[in-house]
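Note that the protein sequences, when read in sequence, are chains A, B and C. For what it's worth, our numbering labels the leading residue of the first sequence as 1, then goes sequentially. For what it's worth, our numbering labels the leading residue of the second sequence as 1, then goes sequentially. For what it's worth, our numbering labels the leading residue of the third sequence as 1, then goes sequentially.
For the record, the hints were derived by calculation from the structure and aren't laboratory data. There's no promise every hint is true.
Distance condition first, Cα-Cα at most 16 Å in a straight line; then the derived EDC-like pairs of lysine to aspartate or glutamate [as the list claims (entries may be wrong)]:
(1) A/K183 - B/D17
(2) B/K147 - C/D239
(3) C/K412 - B/E66
(4) B/K147 - C/D237
(5) C/K406 - B/E73
(6) A/K274 - B/D107
(7) C/K406 - B/E75
(8) C/K227 - C/D56
(9) B/K167 - C/D239
(10) C/K409 - B/E73
(11) C/K409 - B/E75
(12) C/K412 - B/E73
(13) A/K274 - B/E113
(14) B/K167 - C/E148
(15) C/K412 - B/E75
(16) C/K170 - C/E148
Because the structure is a prediction, the values reported are computed rather than measured.
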Amino acid sequence: MTETSRLFLGRIALYAALAAWAAFYLAPLAVMLLTSVKTLDDIRTGTLLSWPAALTLEPWLKAWSGACTGIRCEGLAPFMWNSVLITLPAVAISTAIGALNGYVLSKWRFRGSELFFGALLLGCFLPFQVLLIPMAQTLKALGLANTVSGLVLVHVICGLASTTLFFRNYYVGVPDELIRAAKLDGAGFFTIFWRILLPVSTPIIVVCVIWQFTQIWNDFLFGVVYSGLDTQPVTVALNNLVNTSTGVKEYNVDMAAALIAALPTLLVYVLAGKHFVRGLTAGAVKG
Amino acid sequence: MATVMARASGAEHARRDRLQAWLPRLVLAPSVAITLVFVYGFIGWTAALSFTSSKLLPSWNFVGFEQYLKLAENERWLVAAQNLLIFGGLFIAVCLAIGVLLAVLLDQKIRAEGALRAIYLYPMALSFIVTGTAWKWILNPGLGLQKLVQDLGFTGFTFDWLVNPDKAVYTLVIAAVWQASGFVMAMFLAGLRGVDPALIKAAQLDGASLPRIYWRIVLPCLRPVLFSALMILSHIAIKSFDLVAALTGGGPGFATDLPATFMYAHAFTRGQMALGSASAVLMLGAVLAVAVPFLYSELRSKRHD
Amino acid sequence: MKAPKRLLLAAALAAATGAAGAAEVEVLHFWTSGGEARAAATLKAMLEQQGHIWRDFAVAGGGGESAMTVLKSRAVSGNPPSAAQIKGPAIQEWGELGFLDSIDEVAVKDGWSMLLPEVVAELMKVDGHYVAAPVNVHRVNWVWANAEVFGKLGLQPPTTWDEFFAVADKLKAAGITPLAHGGQSWQDATVFEAVAIGQGGVDFYRKALVELDDATLRGPAMVQALKTFKRLKTYMDPDRANRDWNVATGMVINGKAGMQIMGDWAKGEFASAGQKAGTDYLCFPAPGAAAFTLNVDSFAMFKLRAPAQRPAQLALARLIMAPPFQEAFSLAKGSIPARSDVSLDTFDDCAKRSRKDFDAAAQSGALLPSMAHGIATRSDVQGAFFDVLTQFFNDDAISAEQAADKLAKAVKAAR
Chain A
1 MTETSRLFLG
11 RIALYAALAA
21 WAAFYLAPLA
31 VMLLTSVKTL
41 DDIRTGTLLS
51 WPAALTLEPW
61 LKAWSGACTG
71 IRCEGLAPFM
81 WNSVLITLPA
91 VAISTAIGAL
101 NGYVLSKWRF
111 RGSELFFGAL
121 LLGCFLPFQV
131 LLIPMAQTLK
141 ALGLANTVSG
151 LVLVHVICGL
161 ASTTLFFRNY
171 YVGVPDELIR
181 AAKLDGAGFF
191 TIFWRILLPV
201 STPIIVVCVI
211 WQFTQIWNDF
221 LFGVVYSGLD
231 TQPVTVALNN
241 LVNTSTGVKE
251 YNVDMAAALI
261 AALPTLLVYV
271 LAGKHFVRGL
281 TAGAVKG
Chain B
1 MATVMARASG
11 AEHARRDRLQ
21 AWLPRLVLAP
31 SVAITLVFVY
41 GFIGWTAALS
51 FTSSKLLPSW
61 NFVGFEQYLK
71 LAENERWLVA
81 AQNLLIFGGL
91 FIAVCLAIGV
101 LLAVLLDQKI
111 RAEGALRAIY
121 LYPMALSFIV
131 TGTAWKWILN
141 PGLGLQKLVQ
151 DLGFTGFTFD
161 WLVNPDKAVY
171 TLVIAAVWQA
181 SGFVMAMFLA
191 GLRGVDPALI
201 KAAQLDGASL
211 PRIYWRIVLP
221 CLRPVLFSAL
231 MILSHIAIKS
241 FDLVAALTGG
251 GPGFATDLPA
261 TFMYAHAFTR
271 GQMALGSASA
281 VLMLGAVLAV
291 AVPFLYSELR
301 SKRHD
Chain C
1 MKAPKRLLLA
11 AALAAATGAA
21 GAAEVEVLHF
31 WTSGGEARAA
41 ATLKAMLEQQ
51 GHIWRDFAVA
61 GGGGESAMTV
71 LKSRAVSGNP
81 PSAAQIKGPA
91 IQEWGELGFL
101 DSIDEVAVKD
111 GWSMLLPEVV
121 AELMKVDGHY
131 VAAPVNVHRV
141 NWVWANAEVF
151 GKLGLQPPTT
161 WDEFFAVADK
171 LKAAGITPLA
181 HGGQSWQDAT
191 VFEAVAIGQG
201 GVDFYRKALV
211 ELDDATLRGP
221 AMVQALKTFK
231 RLKTYMDPDR
241 ANRDWNVATG
251 MVINGKAGMQ
261 IMGDWAKGEF
271 ASAGQKAGTD
281 YLCFPAPGAA
291 AFTLNVDSFA
301 MFKLRAPAQR
311 PAQLALARLI
321 MAPPFQEAFS
331 LAKGSIPARS
341 DVSLDTFDDC
351 AKRSRKDFDA
361 AAQSGALLPS
371 MAHGIATRSD
381 VQGAFFDVLT
391 QFFNDDAISA
401 EQAADKLAKA
411 VKAAR
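The following block holds chain A by itself, in its conformation from the complex (with noise of 0.2 Å):
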């Protein structure tokens, strides 16, 4: 065999396993999508990836504004923006309080930042369940108890130890030369942060906020049990829709919910894959 054909058999293999792969990747999304476009007689009677019988879109429109979530039975449009009053100020506070801890912690260490830092990674451990209770009394005391406020409190407190390990091993890549000779100019604390670092920092920006706006968008839990009675996230809707206990379920509904709540992630993941990458490659990973 020419070395010419050999190469080309290696390319064939190459795009045939990056194709399976991607058929592994799509294969649920597709499921999705399909049965979010059947009538349930055809779920009842059809297979998992069979074409529908009758194409709908009835249930995305159900889904959309028609479907109960509790007694309310306006599906899930009114609680998206309640979603985005969450996850905005939320990913912007941790982004930024992450930014200056990176900051601190790989330009300006000092004793004990090392150990801060350490405490904060072994943090990611912690199990959220755990919180729930401890967090609860707390924001009575602090008079946050059921408000959006709290909520976003709670979400910075969670993302803090992602979005400083995101930040300062980016800066860690800085050289530190452009510090110093920014010193020696006499530059302070918050100036050589504001000329220096972050004109340089949009790559890992873009990184922090796609992962904390997935993390806070899609997150649960903490949405149920912190948020008031007129600003539940869109996760809260979708669960209620998705999950009844004595009652008919309708799979092309709930399949149309998750994709319209997982819309806005997908959407920033889709767009804003190639920052993604092109920010984990600018250093966010490196050590």
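Fit chains B and C to the known structure of chain A by using the hints.
Only chains B and C this time, still in chain A's reference frame:
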């Protein structure tokens, strides 16, 4: 004139320097406070609760190690603890393996790299509830994959892991790997792209084959990426409460129970708060027993960079 | 002159709002599916007709698991709802912690003790005071069967467990899954308690699953019940793991399975599929000793932080027990009204039978609280039962004797 100015600005500099010295600490202080109170304070609170007889709600009636003794005899807990090892270990190992493999494959200047990357990454955008529900369907023998393949003609095909008490925990691994391996791939791809091309050129000049180059030169450079990936994967493994709830409900029986679901069920659903707290403490202890030495060695080595 | 004027204004305002009765009640519940939600919506409408405000707080999932989590954290943070969907001994548990408030004003005035059977009334009380309002009475120990299949094979509803297995064998021979089942722990428990009553009798059930008598839990009657329970596994299809209950009902509806042991909410599934009781599907009590296993949905009333909301809370309690809501809700849910004086003319035959059996059981002392649905024991003991039963059912290596032993140990550890 100049000396006066110099002396004045010298004092000013000193003041500014002192402020500058304190600023980093001040900036970090809120996070330190938050971590102390909300992470370690709450861990302490949970630990304290584990020594009480709390049922429905916290009560401070201390009973010593009673809850821990009960745990030692609780069959479901023992299964859950074992499952964490199996699930956690397999999940992390398989994710890393697939992540590295896919990253290496994607690194070969593929034409549809952007699209493929998006396909591999998107599962991370979905919540565990969505993932669990979708996979519950796919893995159901009567409705999903098994039925599909059998309908296609391979009537002897069985894939009933989901309903088999011995194999069900592996279905958790499948679903979780599906969700997270793309992210690991992205991290390693980024890491690969960051490897110094001069090293690779030199190796190629020496006549090394591509696989050899990857194995001997490139992969060892990825140690920091490995660290980050391990942190993130462990974080996900411990958090996988939603996945179990959605995919298997802890079943069949309680064959797929994990410490996180055990803790939640007992603390909240079953009015056994103290028992749940004890299980949380044990789970945390076990994880920390591994994590602390790991973190210590990693951070130590970084300091010498 | 200013002070009295302000006082007058304040008084006028207070009178105005008092007269408008615009108090609000925050209601925590987990009825989120179409039929249930619509039924609960009727209650909301009735409340609002009286001028009060219903603030809906629905948290679905697992028969109330998530709702209980939210309730606990809200209680801990000093902000509980006005009413919550709590049932069974959990009511007493919350009452003992001091969270619930008496609604005797409504209950005694409206004569609830006359309208409710004693078993139900006792569930609603803490220290002799009413703290909760019962919504309906579900019967758990029903068997649902596909009428066509039974007719074709010439089968009669079994009245003993031996007959049951005979019927099951005939179904199996005809290639139909005899018993449809979903492998979730609460469903396993539901089937088990039907076997326990049917085989062991009313007294055995009471001693073992309500009084939690150690000797009975380990005893031969329990072992026998467990053996029969396990034997049912051979009549179920192997794909039942984590199957939802309504999917199992679906199997009976489309003739793939012959029978299902499930509570009366299963009627909703049959109704959705357009089937009629008696003609398309059959309902008969689980075989063996004649008993009625009950599951009562109820709303417990919490101590209010703002006393001004009390009128709404009391109105809610009164409306829950009022005949219009009792009838409407039970029609939608498949249960029978908790109130004994609501006529069942608009209900189907299964409901009428349910009421007849209910009255008979109340007389003869065969009215039993369901363990699987949280009426017989507190959640900690119920959890212990679930764990042992579901493990025993799924693992063939455990013998009935071992399981009985485990049961006794687990129940003791959980208390």
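Hints versus structure:
For the given pair, A/K183 sits about 11 Å from B/D17 by alpha-carbon distance, which is consistent with the 16 Å threshold. About 11 Å separates the Cα atoms of B/K147 and C/D239, which keeps this hinted pair within 16 Å; it holds. Proposed proximity of C/K412 and B/E66 is supported: the alpha carbons are some 13 Å apart, at most 16 Å. About 14 Å separates the Cα atoms of B/K147 and C/D237, which keeps this hinted pair within 16 Å; it holds.
Of the pairs offered as hints, the one joining C/K406 and B/E73 holds, with about 10 Å between alpha carbons and a cut-off of 16 Å not exceeded. A threshold of 16 Å between alpha carbons decides the hint, and for A/K274 with B/D107 the separation of about 15 Å falls inside it, so the pair holds. With a C-alpha separation of about 10 Å, the suggested pairing of C/K406 with B/E75 holds against the 16 Å cut-off. Restraint check for C/K227 and C/D56: the C-alpha separation of about 45 Å exceeds 16 Å, so the hint is violated.
The straight-line distance between the Cα atoms of B/K167 and C/D239 is roughly 14 Å, inside the 16 Å bound, and the hint therefore holds. For the hint pairing C/K409 with B/E73, the CA-to-CA distance comes to about 9 Å; that is within 16 Å, so the pair holds. Proposed proximity of C/K409 and B/E75 is supported: the alpha carbons are some 11 Å apart, at most 16 Å. Between the alpha carbons of C/K412 and B/E73 the distance comes to roughly 12 Å, so the proposed pair stays at or under 16 Å and holds.
Taken as a hint, the A/K274 and B/E113 pair is honoured in the structure, with Cα atoms around 10 Å apart against an allowance of 16 Å. The straight-line distance between the Cα atoms of B/K167 and C/E148 is roughly 38 Å, outside the 16 Å bound, and the hint therefore fails. At most 16 Å may separate the alpha-carbon atoms for a hinted pair to count; C/K412 and B/E75 meet this at roughly 14 Å. The straight-line distance between the Cα atoms of C/K170 and C/E148 is roughly 14 Å, inside the 16 Å bound, and the hint therefore holds.
Of the hints listed earlier, those the structure fails to meet are numbers 8, 14, in rising order.
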